[in-house]
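Let chain A serve as the given structure and place chains B, C, D, E and F with the ligands on it in line with the hints.
6 protein chains.
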Amino acid sequence: MTRHTDLTARIRARERVLGYWITLDSPVSTERIARTGYDYVALDAQHGLFSYEGMLRGITAVDAVGGVAWVRVEANDPTYIGKALDAGAGGVIVPLVDDAAQAAAAVAAAKYPPVGRRSYGPMRSALRVGPKPADSNDTTLVFAMIETPEGLANVPEICATPGLDGVYVGPSDLCIAVGGAFPNDPAVAEVFEAALVTVREAAASAGVAAGIHTAAGAQAAQRLAEGYTFATVSSDLTHLEQAAADHLAAARGGRGTADDGTGY
Amino acid sequence: MTRHTDLTARIRARERVLGYWITLDSPVSTERIARTGYDYVALDAQHGLFSYEGMLRGITAVDAVGGVAWVRVEANDPTYIGKALDAGAGGVIVPLVDDAAQAAAAVAAAKYPPVGRRSYGPMRSALRVGPKPADSNDTTLVFAMIETPEGLANVPEICATPGLDGVYVGPSDLCIAVGGAFPNDPAVAEVFEAALVTVREAAASAGVAAGIHTAAGAQAAQRLAEGYTFATVSSDLTHLEQAAADHLAAARGGRGTADDGTGY
Amino acid sequence: MTRHTDLTARIRARERVLGYWITLDSPVSTERIARTGYDYVALDAQHGLFSYEGMLRGITAVDAVGGVAWVRVEANDPTYIGKALDAGAGGVIVPLVDDAAQAAAAVAAAKYPPVGRRSYGPMRSALRVGPKPADSNDTTLVFAMIETPEGLANVPEICATPGLDGVYVGPSDLCIAVGGAFPNDPAVAEVFEAALVTVREAAASAGVAAGIHTAAGAQAAQRLAEGYTFATVSSDLTHLEQAAADHLAAARGGRGTADDGTGY
Amino acid sequence: MTRHTDLTARIRARERVLGYWITLDSPVSTERIARTGYDYVALDAQHGLFSYEGMLRGITAVDAVGGVAWVRVEANDPTYIGKALDAGAGGVIVPLVDDAAQAAAAVAAAKYPPVGRRSYGPMRSALRVGPKPADSNDTTLVFAMIETPEGLANVPEICATPGLDGVYVGPSDLCIAVGGAFPNDPAVAEVFEAALVTVREAAASAGVAAGIHTAAGAQAAQRLAEGYTFATVSSDLTHLEQAAADHLAAARGGRGTADDGTGY
Amino acid sequence: MTRHTDLTARIRARERVLGYWITLDSPVSTERIARTGYDYVALDAQHGLFSYEGMLRGITAVDAVGGVAWVRVEANDPTYIGKALDAGAGGVIVPLVDDAAQAAAAVAAAKYPPVGRRSYGPMRSALRVGPKPADSNDTTLVFAMIETPEGLANVPEICATPGLDGVYVGPSDLCIAVGGAFPNDPAVAEVFEAALVTVREAAASAGVAAGIHTAAGAQAAQRLAEGYTFATVSSDLTHLEQAAADHLAAARGGRGTADDGTGY
Amino acid sequence: MTRHTDLTARIRARERVLGYWITLDSPVSTERIARTGYDYVALDAQHGLFSYEGMLRGITAVDAVGGVAWVRVEANDPTYIGKALDAGAGGVIVPLVDDAAQAAAAVAAAKYPPVGRRSYGPMRSALRVGPKPADSNDTTLVFAMIETPEGLANVPEICATPGLDGVYVGPSDLCIAVGGAFPNDPAVAEVFEAALVTVREAAASAGVAAGIHTAAGAQAAQRLAEGYTFATVSSDLTHLEQAAADHLAAARGGRGTADDGTGY
Ligand SMILES: [Mg+2]
Ligand SMILES: [Mg+2]
Ligand SMILES: [Mg+2]
Ligand SMILES: [Mg+2]
Ligand SMILES: [Mg+2]
Ligand SMILES: [Mg+2]
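Residue numbers (full-length UniProt numbering), protein chains in the order written: chain A, 1 to 264; chain B, 1 to 264; chain C, 1 to 264; chain D, 1 to 264; chain E, 1 to 264; chain F, 1 to 264.
Chain A on its own, in the form it takes in the complex (with noise of 0.2 Å):
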């Protein structure tokens, strides 16, 4: 057993699990935090500072340490979701799911017939599971965004879409979509947490994964504790820009100032 297939089983099983969130294209930097120790590190295709390139890179970075990568992908769409698991992803965060038929959609490009639609073609997956169209499809993990009005009021459905592992919440995108001017507006903050709530019963009523995007390892503690099954610590980029600032406020005998809120 992979530490691929032994995080899928985990992940089917409901079991707690760590993540961390890559936005850099800077694999050295991917390749140490992955060997930090995390469940899984998720490449952010969407959001983050590469494409197809710096997608490789960091999955390769990511293997060269033992872990696991994850890709969030540009959209839901097969093309991207294909690449993205040929480059040897284990498993597809896909953004802004709406409904149950968009969450079959992104079940389908990315399991093989008869499952799904995906083309064969596999490359550096090939690597991990072997060419059998079956074993991949077996392993490969498929999370849908909640992160829309849409897809928070269709998210039972959502969950019940076969072949789906589980729901992501999306908190900035989340926030504005139940009325928030912006991430983690205290304006909206009752009705985001109840969103939350939904979303982790939903999963839970399912027998899904529910996971969610934290901005710090504590945040991510409490997530879990609440009865999500998997949590990010995100990202990359603010934390560096955080440490930076934390530093030079300290070598002048203040405190950090980086706090610009896009820890989304």
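Among these hints, one or two may not hold up.
Taking beta-carbon pairs under 7 Å as the criterion, some of the chain B residues facing chain C (in silico) [unchecked claim]: (1) Thr60; (2) Ala61; (3) Asp63; (4) Ala64.
If you anchor each label on the Cβ, the simulated ranges turn out as follows [as the list claims (entries may be wrong)]: (5) E:Ala218 <-> B:Ala101: 49 to 57 Å; (6) B:Gly66 <-> E:Arg12: 49 to 57 Å; (7) B:Val191 <-> F:Thr198: 56 to 64 Å; (8) E:Gly163 <-> B:Arg16: 39 to 47 Å; (9) A:Ala189 <-> E:Ala9: 58 to 66 Å; (10) F:Glu226 <-> B:Thr198: 55 to 63 Å; (11) A:Thr5 <-> B:Val191: 47 to 55 Å.
Far from chain A by the CB rule (all over 10 Å, computed), these chain E residues [stated by the list, open to error]: (12) Arg16; (13) Asp99; (14) Gly179; (15) Pro186; (16) Ala250.
Rather than coming from a laboratory, the hints here were simulated on the basis of the structure. Cβ atoms here follow ideal geometry from the backbone N, Cα and C, with glycine treated the same way.
What follows is chains B, C, D, E and F with the ligands alone, placed relative to chain A:
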């Protein structure tokens, strides 16, 4: 007066100056760090994870937020020094300088005739101080690293090199140079601290700047308080790895463990 | 007020504005061109010779000299529009818009909810206007290209699209759209010029900006004199080829010959 | 007559033509392979290990030895098709075509008006056939891949699509499409071979070319002997892995073992 | 014991070891080759088609499948040797070593003080053997290439260099060094073979490893049988070109023709 | 006879030859420029904006349109010279040659034994003149730059170096070398022009080519008329910046202003 020429004046006046050390080929994080307010950002072409193209991208990223970029060059070699300056570096930190002749060679490589032997071909540097060799010669900073037994022994002569703007301590190499088995080896802590005093007093006597590499902002503040005139907080790779480890520990309810002593 | 927000205001006031068109993945030349003083530099992600990474490099290079970068996106697709804006583009020029619904889709892709459906994840764009969605919505420019028969027919409705800042003529495609056998086909010169009048009058009626692509500065001046409110001189590749050909001809005592009509 | 236009003529005359399939972003090996004498070199942008920049580098490398480059595009999408052709591809192989409407869309994306809807902006393609849209339309090759159940069912209608130069079998996907559990599944060998007959007979009836992917030169020869008019030997990655494994086995006194069936 | 330290022990015990030689900047093929089971993969930074970034990518790719990467450095220069080791190479093959002083310089460049003069700044190498200089010194392999008339004359003294782990024959240069008009020149076959005997006997006498470059697995087996202790099969570029030519010949019913003697 | 060998013959016959100078890492513009008809295109690895990978891309681009590429190498160092030639350069322009010994070293680095000491490992160069060392030695061009006081003083001895094909004036450095405060300093115009006469007369006496860098085609024509045998028009970066500035001035009704004297 540009930020570059202003910083040069401050260095030459032995004012207190703070910088940050970049090892990653990741322009977007370099840009964010430069924006936090450090007086300079130093790109490490010796041990950092990039070569010419990464250096060029990094300097451009620093410029994009109005910062000042210096380069720690690969070696005391006119080709590397010329390439860094042509790419727009405001100054060069030259490693492993053993004596005054090597320091003079570093200066010669960084200055056009008749002062030195730099070959004319400004590229991005033409954006900064104009195409006249004398203008460039006047504002380009050159630092010699003190990090070998020979360099430490010859630090007064090195400081007296015409055109040299200061010395810069590489603490990891210097610690090994004074007999340490590894950087920060407590067995040589006293002799190491004595060496630091030797370097900064030599610089003070010669009226040139004394810089040093530090692992954190607080340590930078301490070195400046002791009499160093500039200090660099280092580095993006180690800070990011530490942040990821700290968040993981927090998520798991423990403490970070990434301190592997590589903060050279 | 930043250069970006200032330029947005000028566009919306229908002031006269000049830009330059970049097709090369060559950040240093892009930077030099931006420094010459154009109001904006437009990076062509549709027909230009780069993809995401080149676009990111190009925008950073424009920022390095304090310029404003816009992007002509690959297609009217939320993924491309979001990536360009996340990378720091101040505005997007959206190709091949056929009708008001497509124009509205372009606007929706460029604006966060509740105005549109842009997903939240500012990266370099956070450097520019702050992380609040409304601030970004207020200052991001969106232009619809008029270059198809349908687009020309529907230009009044397109101009009336809420949130659209203007229309932009792609003369090569438009010339073919009106029946030309090739760009600048003299056989359709009259109908083409009439189409240009149609577009700029529609924009004027709707109170939005009217932009156009031109092959040279003199032509840009002419179009602005006619009533277009902004014009882009195009492009680095054709101008450089022409310059090389002209110098060769001068060296050989003749005239340049690179005019192959590809100044689309 | 250029090699490109000559090859186009041969394809349209249903002459026998041989190609090689590139998945690596490795221009120097692509160049060497192109030099061995294949009639075309196909760069795989769907499953290959590159995106736009790699495709551009690969086409340039093929041109450097006077070869002809085609591109298997990422998807049946005008943006991908336009980018490949602008970059200088002599033809496009469009994956996953299910019916005549999709085939017509592929043709429309590859041809300028009034034949299709390709947007005008030749870049490297201007090096090849001149800037006149009609010239480009006349010589650009478009192939539809037959590799889904729907595509197989609709192959006569697809072959009849005006402007389509031929069909191209993707054997791995097609094998799965006819019920195989994996590529080359012996359990479906007969139905698979029957499908190949169906495709080439449909092409012959329509007078268009019939192409197919093969794992080796001998297999290519066999398919051409059966009636396919062009065949591609695939691929650099699998052949190189096989060669390395064979040399290792020879060094150790055994036989190579790299045959993992991924020769899709 | 890691694969790296294990291999180091085997080399020092003069066990038989097999490697593969990489010249392409193509990490995915490098990774696939490393996975076939060679004891090491050597990346050629002297004549290969990459510089620092390609070397870094290649080493990461080898790590991704648990292999061991060595680097043939650009030249016997501390900057190149340090960069290769910082990037994570387990050993360096240093070209064009003429005498014992040059061999000693190569060792000094690869070892930290007090053994040598390598500057401290582990990056990826910190992933491998920990940050203590002595640990790195103990496990890093250093080989001197014998490929010049001087090197051949001085091979016993070179083999006796403290800290040197072995010698490595570059057959193309060595063939020319002994008077050949080109690599594998049959006119000098006897003197060339005698030189090979000289080198391996000198290594055996000194108790260090003797390595050699070969064009194929069978030749590697032969050299190991003769008494060489390690052999590298070379190279990806030539093997891939040969495979493509062979498939073309097979498709056309003839034989491959890519043998142009460049298997240096 | 290839274009490369034909050009070599013309240079050695002291025929009039024209080239263009590339500083941008922008292969598509390099390709377009090469297509305009210059006899050679020189890629500047010393002051240009690229390193090895950019040089390789540039040479490939020149080959793609059947041109001849030379490289001005980073320094008079066998590693740089070997890399440029392995990558396929037809000749090297070696900067900062001070005397005959340095010129002889440059020749030795460019020629295989027994003529010189170039290490054997042709890569792209094998595409050009075949793998036999003597063939390569016969056709590879080597030029020594005259741009220092010492080089000017020793120009007759430099011209007499066996194997050297000519000298090449770097006017910016040479102007400074003769006492100018900046390139084109009118204060030293006479002594500068006298130096140019010295160089070309020394070349004529020795029967080798005399080349020179020029800022424009008309200046190239003038230098050829005076007796220089080849001239390079320089450069893409300055010409493109000038073109952009000229178009801006034209659009605004004024004159271009980009003439900042950096046409080194
Ligand atoms: Mg989101
Ligand atoms: Mg150091
Ligand atoms: Mg258009
Ligand atoms: Mg397929
Ligand atoms: Mg050799
Ligand atoms: Mg010069």
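Consistency of the hints with the structure:
1. For threonine 60 of chain B, the shortest C-beta to C-beta distance to chain C is roughly 5 Å, which falls under 7 Å, so the interface hint holds.
2. Because the beta carbon of alanine 61 of chain B sits about 6 Å from the nearest beta carbon in chain C, less than 7 Å, this interface hint is met.
3. Because the smallest distance between the Cβ of aspartate 63 of chain B and any Cβ of chain C comes to about 4 Å, under 7 Å, the interface hint for this residue holds.
4. Using the Cβ-Cβ criterion of 7 Å, the hint placing alanine 64 of chain B at the interface with chain C is satisfied: the shortest such distance is roughly 4 Å.
5. Evaluation of the 49 to 57 Å hint for alanine 218 of chain E and alanine 101 of chain B yields a pass: the beta carbon distance comes to about 54 Å.
6. For the pair glycine 66 of chain B and arginine 12 of chain E, the beta carbons lie near 54 Å from each other, so the given range of 49 to 57 Å is met.
7. Take valine 191 of chain B and threonine 198 of chain F: their Cβ atoms lie about 58 Å apart, and the range 56 to 64 Å holds.
8. Between glycine 163 of chain E and arginine 16 of chain B the CB atoms are about 44 Å apart, so this pair conforms to the stated range of 39 to 47 Å.
9. Between alanine 189 of chain A and alanine 9 of chain E the beta carbon distance is about 60 Å. The supplied range of 58 to 66 Å therefore holds.
10. For glutamate 226 of chain F and threonine 198 of chain B, the hinted distance range of 55 to 63 Å is satisfied, since their beta carbons lie about 59 Å from each other.
11. Judged by the Cβ atoms, the range 47 to 55 Å given for threonine 5 of chain A and valine 191 of chain B holds: they are separated by roughly 53 Å.
12. Taking the minimum C-beta to C-beta distance to chain A, about 27 Å, the non-interface status of arginine 16 of chain E holds against the 10 Å cut.
13. Here aspartate 99 of chain E stays apart from chain A, with its beta-carbon at least about 37 Å from theirs, past the 10 Å limit.
14. No beta-carbon of chain A comes within 10 Å of the beta-carbon of glycine 179 of chain E; the shortest separation is about 45 Å.
15. Separation of proline 186 of chain E from chain A is adequate, the least Cβ-Cβ distance of about 42 Å exceeding the 10 Å criterion.
16. Every CB of chain A lies more than 10 Å from the CB of alanine 250 of chain E, the least distance being 24 Å, so the non-interface label holds.
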